[in-house]
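Using the sequences plus the hints, can you model the full thing?
Which chain is which? The protein sequence lines are S and E, in order.
In short: position in the first sequence from 1, add 290, done, that's this note's numbering.
Mapping the second sequence onto this note's numbering, position 20 (from 1) lands on 3, and the numbers just tick up by one.
No lab work stands behind these hints, which were simulated from the structure alone.
It is possible that some hints are incorrect.
What the hints assert, rightly or not - Here are the simulated lysine-lysine pairs, DSS-like style, with alpha carbons at most 30 angstroms apart:
hint	chain 1	residue 1	chain 2	residue 2
1	S	K389	S	K356
2	S	K389	E	K92
3	E	K37	S	K304
4	E	K(-14)	S	K332
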Amino acid sequence: GAVVSQHPSRVICKSGTSVKIECRSLDFQATTMFWYRQFPKKSLMLMATSNEGSKATYEQGVEKDKFLINHASLTLSTLTVTSAHPEDSSFYICSARDKLARREYEQYFGPGTRLTVT
Amino acid sequence: LAKTTQPISMDSYEGQEVNITCSHNNIATNDYITWYQQFPSQGPRFIIQGYKTKVTNEVASLFIPADRKSSTLSLPRVSLSDTAVYYCLVGDTNAGKSTFGDGTTLTVKP
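Structure below.
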């Protein structure tokens, strides 16, 4: 099946620094990738939709200057948390939609990245 | 995207059949129903998708009544490893993005 990887799997950074998280589709081309964040014992919250070659579309309430998203190729999207603060600590999950997908379920999720800001 | 309502939690025992029902009263004509499973600190995993009537695969069945305002995920003979959060999503296949509801935490006991 289709595989989506994320790197790093977990990261600890100091307050005020920036962190980049990579999301890669390993065996398929993804014109669209999605970024979610999940707090402990909570559901996934969609942050933004990332389309290859164009600007990301952010959900209401998500600061685009805080969470920079780049989707430079059909297999890679990156999320950069800028000037991270402790409240940005969360589990970040990406998903990728197969370019050939005809159904919504053909969206594959990465394993997630645990960000801890100290 | 249609809002979904699921029970917050369910308990079961090994070997039993588990049925989790999801309400989606505002489902639109083009919407499909998809269920995902998520273990702690992992990304969601696709379980099953359907539009109407019944869908069955190697791990689950999905029952959708004619009015499509609800759906039921059926897990046959659960094991301890089925302890997870189960999400019901409803959305347009062309929209692409998924809005997750609160999910149902299933706990399977020995």
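We went through each hint and held it up to the structure:
Distance check on the hinted pair: S/K389 and S/K356 sit about 28 angstroms apart at the alpha-carbon level, within 30 angstroms; holds. Between the alpha carbons of S/K389 and E/K92 the distance comes to roughly 40 angstroms, so the proposed pair goes past 30 angstroms and is violated. With a C-alpha separation of about 51 angstroms, the suggested pair E/K37 and S/K304 falls outside the 30 angstroms cut-off, and the hint is violated. With a C-alpha separation of about 16 angstroms, the suggested pairing of E/K(-14) with S/K332 holds against the 30 angstroms cut-off.
Hint violations for this structure: numbers 2, 3, all remaining hints satisfied.
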